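Start counting the sequence shown at 7; every next residue gets the next number (the working numbering).
If you are wondering where the hints come from, they were derived from the structure by calculation, not from laboratory data.
Since the model is a prediction, treat every value here as computed from it, not as a measurement.
It cannot be assumed that every hint is accurate.
Derived DSSO-like pairs (lysine-lysine); straight-line CA-CA distance at most 27 Å [said to hold, decoys possible]:
id	residue 1	residue 2
1	K72	K21
2	K178	K21
3	K21	K117
4	K178	K117
5	K72	K117
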Amino acid sequence: MTIPEISAFIARWPKLGVAQAAPWQVTLTCESQVLSLMEHLEAGYRREGGCAIHETAIVEPGAVLKGPIIIGPAAFVAAGAYLRGGVYIGSNCIVGPSCEVKSSFLLDSSKLAHFNFVGDSLIGENVNIEAGAIIANYRNELDGAMIRIRHGQAVIDTGASKFGALIGDGCKIGANAVIAPGALLQPGTRVPRLGLVDQFAYD
C-alpha cells in the first residue's frame, strides 16, 4: 500500500517543518503540529490566547480563534470566521466572513471566499475556494464509517473517523461545490460551481 505523499500535492510542504506523516495523521494531530511550529516562528508574531498572529496580519473583530492557531504575514481573517482545533494560515491567505476552519493547514496565498467549511484538510498554495464550497470531513451517510481513500489502484483504510481532503497547489473550487471526505485533488484541479467530488471507496 502506497500512502499519498503530501509533497506530491503541495510542493512546499517539506519546508514547512511538519513531521512526516500521512495526510490524515497530520490533521488528526493538528493541535500538536501547530504548537510545534509555534516554537520555531520567525520574529514578528504576537501571542494571544494560544494564537500566534503576525504583526502584518489582520484579524477583524468578531472572528473567533480557538488556539493553537498560526496566522501568517499579510493574512486576513474576516469578522464571523471561526478557527479551531489547530489551524495554520499561511502568508497572504484570506479566510472570509462566516468561514469555519477546523484542524487544517491553509498554505500561502490561498483563499476561502465566505460561508465555507474546511474540516481536517490540507490545502496547498494558491488555492481559491469560492463562496459556499464545503470540504466535508465525516461520512454521515455511512454512520461515521472510518474514512477510506482511493489512491491509484489502492483503497486505503485511514483509521480516522474524520478527514476532509488533500487539495493540491493551484486548485480552484467553484461556489457551492462539495468535496466529500477522503478526496485527493491533484495540483491545478478545477471543480465547477455546484460540483461534487466524491472518490467513493466503500464499494
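Each hint tested on the structure:
no. : hint           : result
1   : K72 with K21   : holds (26 Å)
2   : K178 with K21  : holds (23 Å)
3   : K21 with K117  : holds (21 Å)
4   : K178 with K117 : holds (10 Å)
5   : K72 with K117  : holds (20 Å)
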